[in-house]
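*Asks:* Chains as they are written, first to last, in numbering that gives the first Met the number 0: chain Z, 0 to 394; chain A, 0 to 354; chain D, 0 to 292.
Simulated from the structure, these hints should not be mistaken for lab results.
Backbone N, C-alpha and C fix where the C-beta goes; we use that ideal spot for every residue, glycine too.
Any given hint could be a false lead.
[Claimed, not checked] Cβ-to-Cβ under 10 Å is the rule here; a few derived chain A residues that face chain D:
1) V26
2) V117
3) A130
4) A135
5) I140
6) L280
7) I319
[Claimed, not checked] Now the stretches of chain A that chain Z is said to cover, found in silico as 3 or more residues with beta-carbon under 8 Å:
8) 27 to 38
9) 178 to 184
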Amino acid sequence: MKMKTKKKLALGLVLTMGLTMFAGCGNGGDAKTDDTAATDGAAAIKIGGTGPLTGGASIYGIAVKQGAEIAVAEVNAEGGLQFELKMEDDAHDAEKAVNAYNTLKDWGMQISLNSVTSIPASATAAENFNDRIFGLTPSGSAPDVTKDKDNVYQMCFSDPNQGTASAQYISEQKLGTKIAVIYKNDDPYSAGIYAKFMEEADALGLEVVSEGTFTTDSQNDFSVQLSDAKNAGADLLFLPIYYDAASLILTQANNMGYAPKFFGVDGMDGILALEGFDTALAEGVMLLTPFSADAEDEATKNFVAKYQEKYGEVPNQFAADAYDCIYALYQACNNAGVTADMTAEEINDLMIEQFSTMEFEGLTTGGAVATWNEAGEISKVPQGMVIQNGAYVGM
Amino acid sequence: MSLKIMNKTTRSNMITYAMVIIAFVIVQVLIGNGSISSRLQGQLVPICAYIVMAISLNLTVGVLGELSLGHAGFMSAGAFSGIVVASCLSQNTDNEPLILVISMIVGGVVAAIVGFLVGVPVLRLSGDYLAIVTLAFGEIIKGIVNNLYVGLDGSGLHVSLIKNTVEMTDGTMLINGPMGLTTIPRVASFTAGFILILVCLFVIFNLVNSKSGRAIMALRDNRIAAQSVGINVTNYKLMAFVISAAMAGMAGVLFTANFSTVVASKFDFNTSILILVFVVLGGLGNMRGSIIAATVLTVLPEVLRSFSDYRMLVYAIVLIVMMLATNNPTLKQGISMIISKLKGKNSAKGGSANV
Amino acid sequence: MIFLSHLISGISLGSIYAIIALGYTMVYGIAKMLNFAHGDVIMVGAYICFFATMSYGWHPIMGVLLSMVVCTLLGIVIDRLAYKPLRQAPALAVLITAIGMSYFLQNSAQLLWTSSPKVFPSVIGNGSVKLFDGALAIPHVTIVTIVVCLVIMSGLVFFVNKTRVGKSMRAVSEDKSAAQLMGINVNSTISMTFAIGSALAAIAGVLLCSAYPTLTPTTGAMPGIKAFTAAVFGGIGSIPGALVGGILLGIVEIFAKAYISTQLSDAIVFAVLIVVLIVKPTGLLGKKISEKV
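Sequences and hints are given; from them, build the entire structure.
*Replies:* Okay, here's the thing in structure tokens:
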């Protein structure tokens, strides 16, 4: 027994040592090939963020990383202020997000992109606040992320705003008389929109006849929720969920011959780009989204083209929000005269000053000018889109 | 002198205590110097919590000999009840250690009660059937806590299940369904974690060396023989199970009080498995091994960050290789040969350098 | 009518669980190990079929065959590399290795095929059979799933009871050393079991993704755990047990969602499992059928 333990110990140590040695090599190699690093000579402002780069939620983290990388490359090519970007993996977990955040702090992060998904974002936002490092989250949309923190701002809509806006839109446009909702109750994004939607629907006198939920673990069979909606006679199905689950719902509804109007939120964006998805099923689906990859303006076209060239995919709203984050920071840094040799805390104070007064126009602001309120929430105008012939059309 | 008088077990236990204390002192000195990275510093409390989880699970799996796949469920029960208490307390007092101690005790007691309730019917089963029931139980806890809403205002606690019907005037939500705990008083500290490890080690070592402990191990080694000499199977099984659950509950409070937000799905099947990995890799019944394995495997994924995209792949490979290396006779021999050769070379080098 | 349609959805979901559970139960019966990587072999199978049909335009049947071949090889390779060296090791060591293998497969899949979800092509077709003037619509996919499940089940029962290899499998599961003394090659029998289990996993993967067409690297994880539960539910080691356990689990899940609460459906499924095991500690069919495979 004793010998065994000793051997195990020795082995463990050897392995860890070997790995750390490898790790050292890996680091050196990375820095050179990284095209988001600043051009030689000029010192760069270090921007760090955490997001799920592995695991079930990695699609969101990777999109943010790629969107931000494109923006940083563009900014650095301008030749003025230089940025250096580093994204660390948090596997959509608050504990790992804090570890990732601390890793970035050791690296010398001066401005933080906080975290990609809401639960990790709430955890890292608390660290942002304690450490006085300015945070701008591309997509951590829960109100808890910015609540009571003066130096954490959001680039995305906050969830409650989307719920309210959706209910108002449905009521104003008289899209449905009997409404069914299917939401993901273990996802703060979905549950948050749902809660506000119900509140607003109640106030506006919309009739909600069926409510169904699902979780990450039961995200495959929707027959029960759909037949409940069908039997309740719902003519509009509100889906405050992401497009992967929505694609399943559309397919299964079609299989059972149920064809209500579908109404989604910004998480629905991306459904047309889903590999293998029959876009005919999404025909007539409505959604409120601040970003559409099919928009005709120059900035979006440029971004989508670059993204497709580099990563072979159509960017979703996560990528667009991240792209906007970098440009908002760029604008704020230029306005405030931030330089790379400032400490994180100095930058933090300047950023708060800027973001509380700044006006910003980007890919996701719908052609209008956006501002931030004191709570750190952005004012954006959601746009109603409808899918026709496999493309978004403004409503 | 005194070391010689002690028997083998006591000596081994003393070494374990010493190892924990020395590690604590070294880390404290490093923190004092400021020469510790913020990443490692941020991981100190989680490491302590995982160590407690590992040694408590080792009590069930290693000492009692029953496979449990739902240990994180007890962690969850303890964490959520303990933090609710901590939130209530933090409105009345600022004494952080006091808040932590009281909430840990509450968390431990709640987890022990849950452990008892689960244990009574379940411990009749054995082997893989017991394993699957503990797995199921962990999932049930997760499902319930995911739908639990607890709010606190001037008039006290408000609780509702499935739908958030909590109506408060100017209160705060403590447990907000799938959003989990959002207003955690962050009272955990490395020192508290260190003390908890020592306390748990003390309890386990004394239990194992007591009459009850020997009865429990007799059950593990041969249930029928143990029964025939008059050992009460249910009582002793339940005893180990409940103690293990209580420790997991306290670890849960410690872990949770280190973060600003924790969700129910954090304590899922994967976390239970992670802790089981610590136990198996450290050696069944070997507490020191569990402590080392928990520390190494918690730090490892962070050290692997420079592999970027390949990080978790490398982690998986390391895990498989470690299991093969420690359990396959041929490989084991080969590796010990390599190690002894390396040792030979190193000492030779050291010698020449000294000259 | 609604009840009937829920029942059919339940049986359909349950059939998929049953096919996955077969893989668990066979491996458990023979090697006495819980192969936690089984769910991820399912995912690999689905990806292979996806790329064969979508990227190379193969006929779906060819895609299924190819993914069966690939998964069979994968199963054998996994067994050789990770499990075979541990035949004499404690069961827990093998369990952890299997978990490591599961992480490995998931992360490899993410690196190879990215994590953006793929929508699985409808191998079977999206239509449905309408009964009672359209009041009851049964998707084609459901019918195919149930039929395939029954065919596989009867095929396996025949294989295990009537063929030479099947008999040696039963012998090994009964008593390894006695089987060895009788001249049965235990190692190759175990490898054979992994091969069959993995081929079944490929079919399960295609069916799972045909019924619920989103494919990601973690697609197999949760159905894997549920199917493992189903295998224990029916009595682990028993082939008919896997069928009964799988289908019952599917029905309980759908009914819990429909009539109790969609939020708590998983908790209810697991609670039912606990009750059944307390009443019948070896699962539904665990004892009655003493032959194990």
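*Asks:* Now tell me if each hint is right for this structure.
*Replies:* Hint check results:
Contact between V26/A and chain D, as hinted, is not supported at the beta carbon level, the nearest pair being about 28 Å apart and thus beyond 10 Å. A cut of 10 Å between beta carbons decides the hint on V117/A: the least distance to chain D is about 9 Å, and the hint holds. At its closest, the beta carbon of A130/A sits 8 Å from a beta carbon of chain D; the interface hint therefore holds under the 10 Å criterion. A least Cβ separation of about 4 Å between A135/A and chain D falls short of the 10 Å threshold, and the interface hint therefore holds.
Look at I140/A: its Cβ gets to within about 8 Å of chain D, closer than 10 Å, so that hint holds up. Restraint check, L280/A versus chain D: the minimum CB separation of about 7 Å is within 10 Å; hint holds. Annotation: I319/A was flagged as interfacial toward chain D, and the flag holds, the nearest CB pair being 4 Å apart, inside 10 Å. With 3 residues bearing a CB less than 8 Å from a CB of chain Z, the segment 27 to 38 of chain A meets the requirement of three and the coverage assertion stands.
Only residues whose beta carbon comes within less than 8 Å of a beta carbon in chain Z count, and the segment 178 to 184 of chain A has 3; three or more means the coverage holds.
Of the numbered hints stated above, the single one contradicted by the structure is hint 1.
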